[in-house]
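Given the sequences, and given the hints that come with them, work out the whole structure.
Listed in order, the protein sequences are those of chains E and W.
With the first letter of the first sequence counted as 1, position 53 gets the number 53 in the numbering used here; the numbers rise by one all the way through.
With the first letter of the second sequence counted as 1, position 64 gets the number 64 in the numbering used here; the numbers rise by one all the way through.
Honestly, the hints are just simulated from the structure, not real lab data.
Be aware that a few hints might be false.
[Claimed, not checked] Pulled from the structure, derived: some chain E residues nowhere near chain W, Cβ distances all over 12 Å:
{"#": "1", "residue": "Q30"}
{"#": "2", "residue": "F47"}
{"#": "3", "residue": "L140"}
{"#": "4", "residue": "F164"}
{"#": "5", "residue": "F254"}
{"#": "6", "residue": "I291"}
{"#": "7", "residue": "M321"}
{"#": "8", "residue": "Y336"}
[Unchecked claim] Derived SDA-like pairs: lysine to any residue, alpha-carbon spacing no greater than 20 Å straight-line:
{"#": "9", "chain 1": "E", "residue 1": "K27", "chain 2": "W", "residue 2": "K188"}
{"#": "10", "chain 1": "W", "residue 1": "K350", "chain 2": "E", "residue 2": "D43"}
{"#": "11", "chain 1": "E", "residue 1": "K27", "chain 2": "W", "residue 2": "H262"}
{"#": "12", "chain 1": "W", "residue 1": "K289", "chain 2": "W", "residue 2": "T279"}
{"#": "13", "chain 1": "W", "residue 1": "K205", "chain 2": "E", "residue 2": "V37"}
{"#": "14", "chain 1": "E", "residue 1": "K27", "chain 2": "W", "residue 2": "R298"}
{"#": "15", "chain 1": "E", "residue 1": "K45", "chain 2": "W", "residue 2": "Q351"}
{"#": "16", "chain 1": "W", "residue 1": "K188", "chain 2": "W", "residue 2": "F82"}
{"#": "17", "chain 1": "W", "residue 1": "K74", "chain 2": "W", "residue 2": "M146"}
{"#": "18", "chain 1": "W", "residue 1": "K321", "chain 2": "E", "residue 2": "R84"}
{"#": "19", "chain 1": "E", "residue 1": "K4", "chain 2": "W", "residue 2": "C266"}
{"#": "20", "chain 1": "E", "residue 1": "K26", "chain 2": "W", "residue 2": "C266"}
{"#": "21", "chain 1": "E", "residue 1": "K297", "chain 2": "W", "residue 2": "N261"}
{"#": "22", "chain 1": "E", "residue 1": "K62", "chain 2": "W", "residue 2": "Q351"}
{"#": "23", "chain 1": "E", "residue 1": "K45", "chain 2": "W", "residue 2": "M146"}
{"#": "24", "chain 1": "W", "residue 1": "K350", "chain 2": "E", "residue 2": "V37"}
{"#": "25", "chain 1": "E", "residue 1": "K27", "chain 2": "W", "residue 2": "N261"}
{"#": "26", "chain 1": "W", "residue 1": "K350", "chain 2": "E", "residue 2": "P39"}
{"#": "27", "chain 1": "W", "residue 1": "K321", "chain 2": "E", "residue 2": "L310"}
{"#": "28", "chain 1": "W", "residue 1": "K370", "chain 2": "W", "residue 2": "N76"}
{"#": "29", "chain 1": "W", "residue 1": "K244", "chain 2": "W", "residue 2": "Y285"}
{"#": "30", "chain 1": "W", "residue 1": "K205", "chain 2": "E", "residue 2": "R376"}
{"#": "31", "chain 1": "E", "residue 1": "K230", "chain 2": "E", "residue 2": "Q300"}
{"#": "32", "chain 1": "E", "residue 1": "K26", "chain 2": "W", "residue 2": "E260"}
{"#": "33", "chain 1": "E", "residue 1": "K45", "chain 2": "W", "residue 2": "E326"}
{"#": "34", "chain 1": "E", "residue 1": "K26", "chain 2": "W", "residue 2": "A343"}
{"#": "35", "chain 1": "E", "residue 1": "K45", "chain 2": "W", "residue 2": "N261"}
{"#": "36", "chain 1": "W", "residue 1": "K74", "chain 2": "W", "residue 2": "T124"}
{"#": "37", "chain 1": "E", "residue 1": "K45", "chain 2": "W", "residue 2": "V344"}
{"#": "38", "chain 1": "W", "residue 1": "K350", "chain 2": "E", "residue 2": "R376"}
For every residue, glycine included, the Cβ atom is placed at its ideal position computed from N, Cα and C.
Okay, here's what each chain looks like letter by letter:
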Amino acid sequence: MADKCLVEPNLEFIKEVVGLGGDTLKKCFQCATCSVVCPIAPDNKPFPRKEMIAASWGLKDKLVGSMDIWLCHNCGDCTTMCPRGAKPGDVLGAIRSYAISEYAVPKFIGKAVNDPKKLPVLLGLPVVIFLVLGFITGLLDFTPGGDKIVHSNFFSSWLVDMIFVPLAAWAVVVFGIGLKRFVNDMHENAVLEGKTDKKKLEIGGLIRGLFSVIPTILKHSKFSECDENKERATAHLMVFYSFIGLFIVTNIFFVVLYVFQIHGPYSQMNPVKWLANVSGIALIIGSALMIKNRMGKTDQVTSYKDWYLLILVLGLGATGMLTEMTRLAGIAGLSYALYFIHLMFVFHLFIFLPFSKLAHLVYRTVAMAYGEYGNR
Amino acid sequence: MTEDKAAPVSGSILVVGGGISGLTTCLEAAEVGYEVFLVEKNPYLGGRVAQLNQYFPKLCPPSCGLEINFRRIKDNRKIRVFTLGEVEKVDGTLGNYDVTIKLSPRYVNENCTCCGDCEAACETEISSDFNFGMNKIKGAYLPFEMAFPARYVISSQIIGTDDAERCKEACKYDAVDLDMEAKTINLKVGAIVWATGWEPYDAAKIDNLGFGKYQNIITNMMVERLASPNGPTKGQILRPSDSKQPESIAFVQCAGSRDENHLTYCSYICCMASLKHVTYIRERYPDAKIYIFYIDIRTPGYRYEKFYKKIKEDKNVFFIKGKVAEVNENPDSKNITVVAENAVTGEKIKQEVEMVVLATGMQPTTKDVKLPADLKYNEEGFIINDFEKGGMFAAGCANKPADVVSSNQNATGMALKAIQTLVRR
Numbered sequence: 001m002a003d004k005c006l007v008e009p010n011l012e013f014i015k016e017v018v019g020l021g022g023d024t025l026k027k028c029f030q031c032a033t034c035s036v037v038c039p040i041a042p043d044n045k046p047f048p049r050k051e052m053i054a055a056s057w058g059l060k061d062k063l064v065g066s067m068d069i070w071l072c073h074n075c076g077d078c079t080t081m082c083p084r085g086a087k088p089g090d091v092l093g094a095i096r097s098y099a100i101s102e103y104a105v106p107k108f109i110g111k112a113v114n115d116p117k118k119l120p121v122l123l124g125l126p127v128v129i130f131l132v133l134g135f136i137t138g139l140l141d142f143t144p145g146g147d148k149i150v151h152s153n154f155f156s157s158w159l160v161d162m163i164f165v166p167l168a169a170w171a172v173v174v175f176g177i178g179l180k181r182f183v184n185d186m187h188e189n190a191v192l193e194g195k196t197d198k199k200k201l202e203i204g205g206l207i208r209g210l211f212s213v214i215p216t217i218l219k220h221s222k223f224s225e226c227d228e229n230k231e232r233a234t235a236h237l238m239v240f241y242s243f244i245g246l247f248i249v250t251n252i253f254f255v256v257l258y259v260f261q262i263h264g265p266y267s268q269m270n271p272v273k274w275l276a277n278v279s280g281i282a283l284i285i286g287s288a289l290m291i292k293n294r295m296g297k298t299d300q301v302t303s304y305k306d307w308y309l310l311i312l313v314l315g316l317g318a319t320g321m322l323t324e325m326t327r328l329a330g331i332a333g334l335s336y337a338l339y340f341i342h343l344m345f346v347f348h349l350f351i352f353l354p355f356s357k358l359a360h361l362v363y364r365t366v367a368m369a370y371g372e373y374g375n376r
Numbered sequence: 001m002t003e004d005k006a007a008p009v010s011g012s013i014l015v016v017g018g019g020i021s022g023l024t025t026c027l028e029a030a031e032v033g034y035e036v037f038l039v040e041k042n043p044y045l046g047g048r049v050a051q052l053n054q055y056f057p058k059l060c061p062p063s064c065g066l067e068i069n070f071r072r073i074k075d076n077r078k079i080r081v082f083t084l085g086e087v088e089k090v091d092g093t094l095g096n097y098d099v100t101i102k103l104s105p106r107y108v109n110e111n112c113t114c115c116g117d118c119e120a121a122c123e124t125e126i127s128s129d130f131n132f133g134m135n136k137i138k139g140a141y142l143p144f145e146m147a148f149p150a151r152y153v154i155s156s157q158i159i160g161t162d163d164a165e166r167c168k169e170a171c172k173y174d175a176v177d178l179d180m181e182a183k184t185i186n187l188k189v190g191a192i193v194w195a196t197g198w199e200p201y202d203a204a205k206i207d208n209l210g211f212g213k214y215q216n217i218i219t220n221m222m223v224e225r226l227a228s229p230n231g232p233t234k235g236q237i238l239r240p241s242d243s244k245q246p247e248s249i250a251f252v253q254c255a256g257s258r259d260e261n262h263l264t265y266c267s268y269i270c271c272m273a274s275l276k277h278v279t280y281i282r283e284r285y286p287d288a289k290i291y292i293f294y295i296d297i298r299t300p301g302y303r304y305e306k307f308y309k310k311i312k313e314d315k316n317v318f319f320i321k322g323k324v325a326e327v328n329e330n331p332d333s334k335n336i337t338v339v340a341e342n343a344v345t346g347e348k349i350k351q352e353v354e355m356v357v358l359a360t361g362m363q364p365t366t367k368d369v370k371l372p373a374d375l376k377y378n379e380e381g382f383i384i385n386d387f388e389k390g391g392m393f394a395a396g397c398a399n400k401p402a403d404v405v406s407s408n409q410n411a412t413g414m415a416l417k418a419i420q421t422l423v424r425r
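Here it is, written out as structure tokens:
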């Protein structure tokens, strides 16, 4: 043990965590009840007691690169049992949100996503891009006409892909850069705190770890281990699977369009369409349940970052399904307008994926994989 | 002391509660010449202190303090004691209170010599509240050897049964009076001191600490009774499941205290109480392993710090910084495993022990049921002293959690406050 330890508090970090929903963190008096009641914390260096003091001391580097903040599934057992109302669950959520903005470059985008004042700009962005690109290329037709409603007559598939394929690539690149740093920091931190038996980080091992945690993630078994989490697990599972479903659907139709040259709209009898519809409905129900659970939990902080994501997900599902329904009902104008809004939501989903709370799907997965590989 | 030097007397003082604080207020006021009424709801005086084995930090038995006080009360003609009494109503204002007190029947009159014949004759056994239900006593009983007033009590639970008649038959002194009835008395007093004290926080409310679920988890006040020579085990500290002498014991500090879900405040005495219990255990079991799980050890002041330091020298006492948040029982051995995180090393500890003591805190008796008087309480139910208004004061643990020393100091101060109320009129 070192004789001397100089703590250099990062006050800015403390302030930001407080602003991101961790305003209770200074109430903690380190009784360690949280680490014991946490159903998923390991016996060796359990969380979240140590995270609470590190946050309180402004030890940013110790926290943003910690796998433990991601192993937490925010069930709130610790918050319920906390004798001081320090809400460790919410503090960890705030730290995770900070960590996401820390790893996603350029950082100003992350800041903007977490700042409610920037929302009008963020909302305007896709509108401007759609209109400008649409007019330049002539792929946006405000008078599509015809007796059948075909959305690509209004907003050409070419235009969609001209925007969204680069955006998907953007998300991948931003995640890639962030992950490289995150994985290295995580390993360094784990070695320092004695949370792993691996000295040198091997990517092959990490990937094997990833494969072994996939069943856990698919079943949400860690998620359901938390006592307070049963209802949340259901809602989360619905949203999770609907995203997987929609991802599959999008890829299939992408291939159908470009390889087989078959344009939509596709028949309702098509099994891929069934998957799309089921996923869309699951997305709406799942996200509505999430909002309901949030509203019902008065002891949990729901900050802007949470609302942004919840409304994004619900909006995505709702506009998607309504676009389809109005098309089938033959209400042309409304259907085209909804489609435009739907694309705005999709734009937000793609461009801000690595910056918003939704990035947890990548960071948590990688942290869990590392935990598996490093024998946490 | 001569009569003419006595302070000017106008009116009298009512002290509610005959624990250590109430006794002190009562005696301090009476010994400077004021008339004092002391009302106690139990059939005996002494309150919580009477249940202790030893005081900290001097480790002398409470009999020393109580015995002297009882003697002083007996010798003082200015004091009138009402046991089994409860204040029902307080009317009037500062200087002129009209108090209604209900006195429950003891069924034993002043002829009682404490011979114990009624106890021998009684067949019914009732649970002993004095010993926290750890043993049974007869339906006719003396609260404890040193009880004051030194008089038996016939429990209302046996009234109307053959047992009650048997007790009456057995008494050679005509002391058992089964026709005794509850009565109401009215007192006119100038000032009132509420020394209504505390009760141990109900440990069963702390879900994750297993009290009431696992036999070998007991509370700190139960340890006092077990260690007391007049307790249910005659001073042996034995674990409840099999009356075995425990070889390992864990103390769970802040069991309910400093917890928003239970008592929001620090109960002040529990750290010193547990350290004192270590001395009880060490005296009886020289090799027992003792684990103390704490958030911080609070031993304020020079003498308490010294006490703590001394306990720390014991090689078989282990202090672990981390609150116990989970307990499990081994169904075969009935041993308990306590789980905590050692906040110094960052390791989760699962310590198996033969007995667990919960250091439960103190809750004011006025937490749930308020007194029938115009008093203010804080959120936790302690009485707030309104010195501006005056007339009525809270002393000892009715006002805040405190040890015996501070309670006595506070009680003396409140005696003075009460006297000032009378003199200023």
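So which hints don't hold here, by number, going up?
1, 2, 9, 19, 22, 23, 27, 28, 30, 35, 36
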